[in-house]
Amino acid sequence: MKVRARVTGLMARWGRGHVAAPALPAPQPPVPPTPSVSSRPGPGAAEDGPPVRGGQGATAAGSLRPPHPARAVPVPVVPTQQWQARRDPELVYARMSHAERSRLLQRHPDCELCRRRPSAAVDHDVATGRVRGAVCRSCNSWLGSMEAALRVPGRMMQNQAAYLHWRVEAGGVAALAWYLGELSYLGMTDEEYADGLRRLRRLLPTMYVYWTEHQAEAVVAFHARQWTKIGPLVDMEEAERHFCLRQDAVPRQIVLMTFEPDDGVNSPCPRGLARHFTGDARAVYGRKI
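Numbering (the working numbering), first residue to last: 570 to 858.
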């Protein structure tokens, strides 16, 4: 009887969540177009998917699927105007008590963005502090990565944010078709977001190549490793040459090409936007070499 009662309670909870959700229309998820394939990708381009670890294979060629498995299905596209109409412009995250945040999550038991997972976080605009909605952990993480891809990082840009740079470099604006739902939620078009990525790249003009031993038996943070580096490098051709030389020098090592701010800092570890090589000479961010 206790098991049946628990199941009934869960069904009732989910029933309430699905009744509350239709405040928005239920548009169909976008169908990502197939990006054009050039004979040779540009420097740092990512043809086949996200960065790989320990020489593991990447996703299928030409796929627009993001690196996190929870993002494998595009979220519904809702017009930006509808998102803005739902939000309270006076609601600021920093001014909310824990009780107020809990009540907001209770009013929206399902993620307002993907509508597939329970809400777990109150999402807000970092610049203004205004609350945007109640989202699940996966959506909260991915939105943070999309915004982080537009900012100069203090250390090394996180992999999910860097992934967006390489995808757009490889496939152009078409590579953002998978994320139209997130972009409308953030109040941006795909063209605006791509322009933001390009502006960020212009703020990272200095190139280096770093390398260190690959320690398969231990998980060591990148900033805690002992790195050797060369740079600043004159241009992309020189950076590519050193990048490939280091890959061939030692079979098992981590090699990074970084794009860093031109601020005179002699960093002992990689920072900025990094292109990875993880010990398998067949794949760099999924790119075959």
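Bear in mind the hints are in silico, worked out from the structure with no lab data behind them.
Fair warning: there could be bad hints in the mix.
Said to hold, decoys possible - Taking lysine to any residue pairs in the SDA-like style, the calculated list, with each CA pair at most 25 Å apart, reads:
(1) 798 - 729
(2) 798 - 831
(3) 798 - 752
(4) 798 - 696
(5) 798 - 809
(6) 798 - 783
(7) 798 - 761
(8) 798 - 813
(9) 798 - 722
(10) 798 - 832
(11) 798 - 774
(12) 798 - 773
(13) 798 - 727
(14) 798 - 771
(15) 798 - 741
(16) 798 - 775
(17) 798 - 770
(18) 798 - 837
(19) 798 - 834
Unchecked claim - Label pairs and their in silico Cβ distance ranges:
(20) 670 - 775: 40 to 48 Å
(21) 810 - 672: 54 to 62 Å
(22) 809 - 697: 38 to 46 Å
(23) 742 - 790: 46 to 54 Å
(24) 799 - 667: 43 to 51 Å
(25) 791 - 764: 40 to 48 Å
(26) 642 - 792: 18 to 26 Å
(27) 728 - 774: 36 to 44 Å
(28) 803 - 678: 53 to 61 Å
(29) 796 - 642: 21 to 29 Å
We put the CB at the ideal spot given by N, CA and C, even for glycine.
To test your reading of the hints: which numbers does this structure violate? 3, 4, 7, 15, 23, 25, 26, 27 and 29
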